[in-house]
Amino acid sequence: MLDVLIFATLNGVVTGLLLFMLAAGLTLIFSMMGVLNFAHASFYMLGAYCAYSISLYLGFWVGLLVAPLLVGVLGALIERYGLRRVHQSGHVAELVFTFGLAFLIEESIQFFWGRDTKNYQSPDILDFALFTLFGQEFSAYRGFMIAISVGIFIGLYFVLTRTRIGIIIQAAITHPKTVANLGHNVPLIFMGVFGAGTALAGLAGVIAGPVLTTFPGMAVVLGSIVFVIVVIGGLGSLAGAFIASLLIGLLQSYAIASDVGMQDLLNVFGIDFPYDHPLADLWGLTLPQIAPILPFLLLILVLIFRPTGLLGKREE
Amino acid sequence: MTLLRKLSVWVAYLAALLLLPQLFDSILAISVFNQMAIAIVFALSYNMLLGQGGMLSFGHAVYFGMGGFLAVHALLMLETETAHFSIIWIPLIGGLFGLLAAIFIGSFSTRKAGTVFAMISLGIGELIAASSLIFVDFFGGEAGISGDRTYGPTFFGIDFAQNVEVYYLASGWVFISTVFMYLFIQTPVGRMANAVRDNPVRAEFIGYSARHVRFISFCASGLFAGIAGGLFALNYEFITEENLNAATSGRVLLMAYIGGLGYFIGPIIGAVLLTLMNSLLSNYTELWMLYLGILFLLTVMFLPRGFAGFIMMHQLAWVRGKLRDLVVPYLMTGIPAVIFMLSLIALIELVHAEEASLHIYGLTLDPAAAGTWIALLLIATAALFGTRRSLPQLRAAWDTANHIPDEER
Amino acid sequence: MTKPIRLLLITLCTALFTTLCGVSTAQEPVRIAFMDPLSGGFASIGNSGLKQLQFAADYFYNSKNGILGGRKIEIVPLDNKQSPTDTQIQFRRAVSEGIQIIFQGNSSAVANTLNATISRHNSRNPGQEVLQINYSAVDPILTEAECSFWHFRFDAHAIMKLNILTDFIAKDSAIKSIYIIGQDYSFGHVVADNAVRLLQEKRPDITIAGTEFHPIGQVKDFTPYVTKIVASGADAVITGNYGADMVSLAKSIIDSGLDLPIYTFYAAYDGITATLGADGKNKIRLIHNEVSNPIPTEERKAFIRAFKAANPDHDVTQPRIINALQMLVTAIEKSQSTDPYDIALALEDMRFTNLSGEEIWMRGTDHQVFQSLNISVHTDEGIEFDADNSGFGLFTEYSVPAAETIVESSCQMDRPSR
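Each protein sequence line maps, in turn, to chains C, A and E. Going by this note's numbering, the first residue of the first sequence is number 8, and it counts up by one from there. Going by this note's numbering, the first residue of the second sequence is number 4, and it counts up by one from there. Going by this note's numbering, the first residue of the third sequence is number 1242, and it counts up by one from there.
For the record, the hints were derived by calculation from the structure and aren't laboratory data. Yeah, the Cβ is synthetic: ideal placement off N, Cα and C, and Gly gets one too. There could be a bad hint or two in this list.
Said to hold, decoys possible - Looking from chain E toward chain A, a few residues come up when the C-beta cut is under 10 Å (computed):
#, residue
1, 1279
2, 1332
3, 1349
4, 1365
5, 1567
As the list claims (entries may be wrong) - Interface residues of chain A toward chain C, partial, derived using beta-carbon atoms under 10 Å:
#, residue
6, 53
7, 59
8, 118
9, 119
10, 120
11, 121
12, 133
13, 154
14, 157
15, 161
16, 292
17, 302
Work out the full structure, taking the sequences as your base and the hints as a guide.
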């Protein structure tokens, strides 16, 4: 029991931190520009594929450095020449734009790289077990993932709250015109933030690619969950996104690890249902079966009882 | 517009719906028309939510799907003779279930509009789509459920075995639904929906509950989405989880947007256009999703009010009779632009082609020959150049056509 | 123009026209549709199948004398995006173009939909029937409760495969406890239920350490499931997963340092073999029809070499497609007709010797094909034809002849009267 609990916690933390890497970029973009970037998961996918190609010739570490930069630059260019133009047409227009962008990026990736699964491997240096607990190994690469995610959180928090540029960015979120009046180049800041957000998504892709498999459907799998995290955490709050990611990672991990089902709950009340009862599907439900839909359940509950999210700052 | 003019528009609409199968009567054409009918009702119902009510929803397919599922169950009941009614009422049954679902979900989700509403709709959509794979009895699991529309009493001797017969039934429902959705906009609650969309605070000040108005719009749009689901069930005689999921919700959003949110006719245009692209384009190229993505981006960037908006932009010029002055400049800019796009598409297809030859636009091109590449690049560059050259003339002609001189003001 | 001259001209034109028409009908190709996902998330498998079918049609028939006295075979790709709705739309397109034979294989859900649609269409439109050649959908129901005269399956169904798989596992006395994990839908449940039943019959001493279902394509990381596998103390894993779910599961198991055998249906090709690579050596096994390395006949080796020469980035991943095409053409030649009813009658109870030199049999009562079933291991030793150009491939360890794979069927087929 204890081993399952420990590993479930570890797994939950790893998943949660990976989701945070993605959610961090999205939160940044949303808090800056009010844009729900549907293409965020596509930038993640692009990061993974670019890093894969680079790693074939120059190794994993070069890919780790270069791929996020490439993705960030692409993101900044898209903001400058595409999104900015659409901004004046309203939020729905921006949304549809990022929608179309998601299609475009995913299809272009398949156009250039093909539609099969890519063999993106983690670096050999990290190919050992950090520790073995109860017969299951915890690979060093996962430890590396945790380290990077935490590092990103600390780094972003530091930059946004303690450095000058961070303060300016925070000010531009709430008072863009005043900041412009003070002489800062607000459009450039917007472009930089969007680029940074997409670079973060790309970085998540570089790191998650070897673990979560690099294949054409990788963006679809993560797409909606990232939005759920950002909303639960509170639109615009980085700390909120961190907490929400961990929460969801742990929730899913514990749900899968447990073997609890509706039967057990009903047995507590001494109720038993025959197998051909019309609602048999409902009574037969187990927690592992519904684990992937738990985040959405949580989302709805949070939105009904606390619409601004856990630590939300930006009220729509 | 006078009453006679308005009525003539509706008559023309009905006539177009009924005459289409006479003009194009191949099996493929009928199939596409059926798809369009379903898409039109679905997109119009979505516009009630977004265009009229300002509520962006990412889970509208839920009502479509729910309506469809109950419709197929109704067909199964007809088959086992548990019920006895003509299948012409199936869309209504679908609609009622969609309405029920909307009442239930709208009771807690319409409290706030904006991003909160959008996110709740996303959560609900994903939740129900995932649940549909778990509750296999009602939803049939991965394969969905299927029925047969030829059971039950015949309608004047027609048993709806042929797709053409289903099309006529569907067009009847499309016409009725369009009429009712149009009439809804004219009612007080329909008008207030516009008001609540633009300025909820002011609407509250004149005594209307924004939440109530949103709730009613939501339920009405759920009803018509359910009708669309019922039409789907009749046409295809089956329904699956796929028809409830986020992808279907996304598609209807795109249809409404591309068509033009601010106009009643917008979603109709969007539905027709996207149905054609979805079903026909994928027959010619594997890269249709790429082109679709590009189309969305271009529409959002250059035609933010959709295709309906683009057409309506010419209203002033038309009223003033200056439309024919625009014809030549449009051709001068339009033709090079079209050539540019076609050559670009050919280049993309050429890059992608894996076989020895590429068949496109009725020609056969050789990807290995350098000449093909050079020729296409030259054509593309020349076309781009031509477009840019003639753009200022188009702009000038546009200004002249729309400029109201001081004497006429 | 005077009246007689006009009449002469009209006659000449008509004669010319009918001759041309007459000439073109003689050379009109036999059109066969291939309906599978050619775009979207599952496109790589669909595209791969299409290439194999097209190549086989050219290699065996179009490059030689054609069929039915010189007619070529034209493969018409129909992209159904693995969606039941698009399957219907593409079906109508096929009917609209007069195509009467459809190959389909990916996703049992789609196969079920197509089966129902074709049955309805055929009963409503006599004389315009369509034939369904199912080359890969293995849900048993298609040759049991939902069997149809117009449907032919060219792959062993799930229960047949599990029968042989459990036989193989039962022979290994070192295995005492098994964990079953699968996708939460009809196929995954069929695999789990029947694996449990068959294992209990053959080795009552084997305990089922656990049965786990996860939603298709939604699980990003299988490590939590691996934790459960470890905690359960299982010696082996059985799974029916395919695609990304398969490779993610396999990678998670291997990455966690577990050295247990994984028995699968679909853990090879389309990038999966390359991704599993050296880490998966000797751990992953598949059950499939058509012997893999060593290839038994020179004929089949020649075919594979020719295919690789034309398509260097693809492999012959599904030899059953070629079997299906060859049997179909044999039926067409035997009945001298392209009418689905005649072809169906000719296909029933056909015995055919395929490229691997073995005799395969299409049973008439349920339209299920029977051929040898094999268990192969993922390795790089003894591999003449590898997968994904990776050096790794499938080596056949255990082979069961067709006669031993036969199972009963509950099919009560409605036969059309003509």
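When the hints from earlier in the document are held up against this structure, which numbers fail? Numbers 5, 13, 14, 15 - these are the hints that the structure violates, sorted from lowest upward.
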